[in-house]
Each structure stands twice: as structure tokens, then as C-alpha cells.
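Protein chains: 2
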Amino acid sequence: MTAKPIRVALDAMGGDFAPLNEIQGAIAAAKIVSRYTPLEIIFIGKEKEIRSALAQFDTSELHYSIVNADETVTMDDEPSAVIKRKRNSSLFRGIELHADGYADAFVSAGNTGAVMATATLILGRIKGVNRPTIGTFFPTTQKGRPALILDAGANIESKPRHLYEFAVMGSAYVTQIFGVENPRVGLLNIGEERVKGTEAVVQAYELLENGPLNFIGNIEGRDILHGVADIVVCDGFTGNILLKFAESIMSMLKAKLRAYAGQSFLHKTAIGLAAIPLKAVFKELDYQEYGGIPLLGVNGAVIIGHGKSTPKALQNMILSAVETVRKDVNGTIGRAFVAASSSSEQSKN
Amino acid sequence: MTAKPIRVALDAMGGDFAPLNEIQGAIAAAKIVSRYTPLEIIFIGKEKEIRSALAQFDTSELHYSIVNADETVTMDDEPSAVIKRKRNSSLFRGIELHADGYADAFVSAGNTGAVMATATLILGRIKGVNRPTIGTFFPTTQKGRPALILDAGANIESKPRHLYEFAVMGSAYVTQIFGVENPRVGLLNIGEERVKGTEAVVQAYELLENGPLNFIGNIEGRDILHGVADIVVCDGFTGNILLKFAESIMSMLKAKLRAYAGQSFLHKTAIGLAAIPLKAVFKELDYQEYGGIPLLGVNGAVIIGHGKSTPKALQNMILSAVETVRKDVNGTIGRAFVAASSSSEQSKN
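Chains as they are written, first to last, in my numbering: chain U, 1 to 349; chain B, 1 to 349.
In isolation and in its complexed conformation, chain U is listed as follows (with noise of 0.2 Å):
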């Protein structure tokens, strides 16, 4: 193959576990994406801890190459003192070479606040855009068909017309991303009659009904489990708690069923039995088998992660990475705006 490598910066300091599951996930992805096109990851960090972090690995079939930070940032850094004072960070770095062009997208399991700061900064907002979002993927019953929660919690206090721009963003990703078309935007509400909910809501309501998506109208917590939506719109301090709580779920069922093993011998007998169907559907229903949380609106190709990202989960970030690159995900979302805004401004007026 001779096609241009896609050079994806890795924040080897980001997550919980970096830089080892970082290095993981980079020789996984590898491995996949060789298959289609050349990949180059660009590690950022301290040089000298990934190094040696790296010859731990067989690395044979990983093109890499190392850019050296010496600062972190942590989980506890605010994204503005970020902005201000930690420019040698792994995470400001490699955002500023992406903006750059020094690498085609960037991929961190660090601080989402400081990322998604850094990045609306660094690389600007795609045209139309007032609020780049975070996503993220719940499972649903249909198989293969998770939904995307616009926003996950980068906008606590979403007006109107930024919940708008969630579903233009969420729809243009789904489209590229997994071929779907026409997605289906459900807005998150209490009921589903048009009246429900706070006032946000129900404006929203109105500007979705008058775009141009493939709006269903509103949705109840109940729907998003069941694949009703492909795009599940809410703001995010309700889709924060929201995909917080549903992380949960599966650790408290694992408590439940050990609590119930050790009550008999016969218990934990059957709770063995039950193990192999058990950990086949919890594997389904796992965060991790989405990959990182895309950050749309900016003008570049940024997937987030979970701070706890297994090497799994950084391996499917990266893959989310490339195809936001190859799927041109951003000029998709900039052509969905032109094609929106005569509609939206009609309904703003």
C-alpha cells in the first residue's frame, strides 16, 4: 500500500493506566487498521516513560514515532489553567500538533473538560457550530445499533438552539460513521406529547420538527434501551448523570450475583453455570465495545476516552479516530449546517 499513513497523536499520559494501556491499544489498532491503510501514531508524552514502556511490547508491526512532554495533565486540572499554563502538557501538545498539521487526528483517555477546552481553543469551531458536544454510545436490544447521547456532559446548560446543533452533529456522524441513513433524533423528555418537559425542551422540540433531520419527536428514559433513536438529544448535565448511571449498572448486577453465589454451595453452583451466558451478554453491553466519545464541532478529528480506558477501548478510540478521518466526519458536519441553517434561521426568526 501506498497510500499516505494517517498519523494519529496518542496523549501517552492521558488515561488512568498510560502510558501502558495507551502502548496496548496503539499495537491492537495497529494490527486492524494495516489491514486497510497505513497508520502512524505519534506518542506524546514524557520520552523517556514511554520508551521504556514501549520495549516491554513487540512492537514489529506498530509505526510510531515520539514526541516528548513533560508536563501532565491530570484528572483534577482545570481546562482554562490548562489553556494558561500547562503548554508543554502530552494533551495541549498534541492537540497544537494536529492544529498543525503535523497529525491527522488526536486521541486522549485524559481529562475531558481540558481536551474539549483545549481543542474548541486550538482548532476553532467548525462553521455553524456555537457548541461542539460530546457523545456517547449506549447499547440497545437492536444488535449492532447503539444510540448516540448528544451531549454527555460538555454542556450542562444547553439553550434551545445548541441542542438543535446536537442532532445536525450527531446525525452527519451516524451517517458517516456506521452508514446509517436518514438516523432517527429523538429528543430525551419526560412524556412525549410536544408540551412535556422544560421550556429548552420543548423550543428544541420546535426547531428539530421545522429542520431538515429525520426528527421522531420526543423520547422518555425508557426508549433509549430499546433503539428507538438512533440520536438521543438531552443536555448534559442530564446525559452526564444519565451515562454515569448506566455505567454503574453492570458492577452493581456483578455484586448482586456474587452476593447471591455466596449464599449456598447450590447458588454458587448455578451462579458458575450462569457465568458463560452471563459475561457473553455483559460483554455486549459494554462502554468499551463503542470506542472513545466523539468530540464534534471542531475542526479536527478528536476522540475522547473514559479515564478508566482498558487497552481495548483505546484500541477502538484509535479506530474511531481513523474513520473519523476517512469518512471526512468534519466536512460532513460543516455541509449539514449549510444545509440546515436556512431552515434553523426560519424557525430562529
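Keep in mind the hints are simulated off the structure, nothing from the lab.
Just to be clear, a hint being listed does not mean it is correct.
Label pairs and their computed distance ranges (CB to CB) [stated by the list, open to error]:
#, chain 1, residue 1, chain 2, residue 2, range
1, U, Lys308, B, Met250, 20 to 30 Å
2, U, Lys159, B, Ala81, 45 to 55 Å
3, U, Asn182, B, Phe282, 55 to 65 Å
4, B, Lys254, U, Met75, 35 to 45 Å
5, B, Leu266, U, Ala255, 21 to 31 Å
6, B, Asn210, U, Arg161, 48 to 58 Å
7, U, Phe265, B, Lys31, 55 to 65 Å
8, B, Lys254, U, Arg258, 18 to 28 Å
9, U, Glu181, B, Pro212, 56 to 66 Å
For clarity, every value in this text was computed on a predicted model and none was experimentally measured.
Don't be surprised by glycine CBs; every beta carbon is placed ideally from N, CA and C.
Once you've looked at the hints, dock chain B against the given chain U.
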């Protein structure tokens, strides 16, 4: 026993399976309650329909009377329309009987909004309460110690003062009903830091911090099921979405397990073996086990249940009504507001 019976007015037309589930729930509740205190059920609704349904069951242990009400409130009726135009409905008549002292409590699996509005109007609010609230119980990993989520949908846009009131009412309820001393109050938010979240939540944090409750600070979506707090305070929009989402998890898991079983005979056998422990765990997570949702803050004992309430759920709603009366939950809430008023007045100024 010669104690005065506790008289529960039961909306016999309320739920989706009325009056059958209501009657079965009443019979089951009577068996339990009559062991320690006499119980009288006042069925409100279409007398003929109730009588013919009652004839199908053994009512020898049930003390009951019937009050005829020809109209029925549907799930689609606007709360205000019920008050204006359906005064001869089982819902309205039942609450009226309670307000006039002919019943000690009112139980309904009918239209939540209509019960709430009618009860607030006719029974009035407890002094100190601006917004009555409906809560819901979530199971936690701490056996026998569910979390009470307040508000679960009655108050869509909650001001800081309302969030504070939910905490006061929830604490009083949990203390009285479950005997939990100094129940832990958590404010549902997107992060632990006090500056996180919406303006309303940040201000509610201050009120709670300066109040007399056992406020443990902000908690996140992932903390609920782990039993970090006994009372989880949130606006009704978030609470309602979370509640409906949580209710859908079991059916989603069941669908996934069924799909897995359908893949092969081996899978089917494994799921068959797993069925008993899974049922035991799912049962523990079932909302029905926690009975009716208490409407807190009105001058009366009003228990509102899910439209799909089973006989078991209705039984638990009646038990919940009896406990609310016996343990003087309203008196406790009233006293809590008197006790809390000095500190909250301070915070307001």
C-alpha cells in the same frame, strides 16, 4: 384488636389493570396488615364493576366498603381538566373523602399528574413546603437500604429552594419509615466539586450545606446504585428520565439473554440453568418490591403507583399508606420544616 381501623381509600379505576389488580392487592395487603392493626379498604369507582370483580375472589379476610364514582380519569387527562370537569371520578372522589376525614389515606395507580394536582389543591400543602414531591426508590448494592430519588418527575424545573425542600421531606420520610437515623442526603450532579453543575444545583448545595440535614455533598450518576446516599436530590426532569431508564434495564437484559439463548441449544441450556439465580437477583431489583411512590408535602397520606402496577405493587402501596399514617410522616415533615426554617431562612437572606 379493638384499635380504630386505618381506612385506605383505593382508586379502583386507577391502574392499567383496574379493578382486578387493585382488588387482589387489597386482599393481599389485608392479610398482612390485619396481623397488627385493623384495615378497611374503601374502593372508589364504578360500583357494579367493582362488585362483579370482587365476586371472583375470596374476600373473607377483607374489610371493605364501596363508594360509587361514575367517571374515570385516563392517563391522557390533563391534571387541570380533572379538577374542573371530572369531580365525580374515582380519583377526585377518593382524595375528597380523605380530605373530609372519611379516609386516612388515598392510594392510586392512576394518572400521576392528576393525583398530584388534585391532592395538592384539595388537601393543601404542609407549612414550609412550596413544592410537594414524588420520589421513587432505586435498589442499591446495600441490601435492604434502597435510595430514595427526589423528585421523580413532579417538578420539572426545580429552583434551589425546591431541591432543598425535597431533601428535608425525603429525610423525614426515610427516617420515619425505614428507621434510618440521619439519612445521608446526596445532591445529584456531574461531579463532586461544589462548583459543578447548573446554577440551581450550585445554589442548592449552599442551602443544604447550611441546613440541619446529613448532607454528604454532590454525588454522581454512578453513586446511586452503590448506595452512597439514602436520599438523592435532583430536579424532576433528570429524576424522571433516570427512573424510566432504570425501569427499562431489566427488560433490555432479558431481551439480550433471550437472544443469546436463541443462538444454539447449548446457549439455551446455559440460560436455562442461569434462570434461577437471575430471577432471584432481578426480583431484588424490581421496583414493585418497594411499593408505591409517596407524595410528600401535602396534608394527607397519598400513595401514587405506576400505571402498570401488579397486585404485588398495589399491595405494597397499601402497606406504604398504612405506614405513612401509623408513623405520622406528615407530622414529622411539618416539624422538620419548623426545625429547618431558621437555618434555611438564614441562607435565603
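Checked hints:
no. : hint                               : in the structure
1   : U/Lys308 with B/Met250: 20 to 30 Å : holds, 26 Å
2   : U/Lys159 with B/Ala81: 45 to 55 Å  : violated, 32 Å
3   : U/Asn182 with B/Phe282: 55 to 65 Å : violated, 36 Å
4   : B/Lys254 with U/Met75: 35 to 45 Å  : holds, 36 Å
5   : B/Leu266 with U/Ala255: 21 to 31 Å : holds, 28 Å
6   : B/Asn210 with U/Arg161: 48 to 58 Å : violated, 36 Å
7   : U/Phe265 with B/Lys31: 55 to 65 Å  : violated, 34 Å
8   : B/Lys254 with U/Arg258: 18 to 28 Å : holds, 20 Å
9   : U/Glu181 with B/Pro212: 56 to 66 Å : holds, 58 Å
Checked against the numbered hints given earlier, the structure breaks hints 2, 3, 6, 7 and satisfies all the rest.
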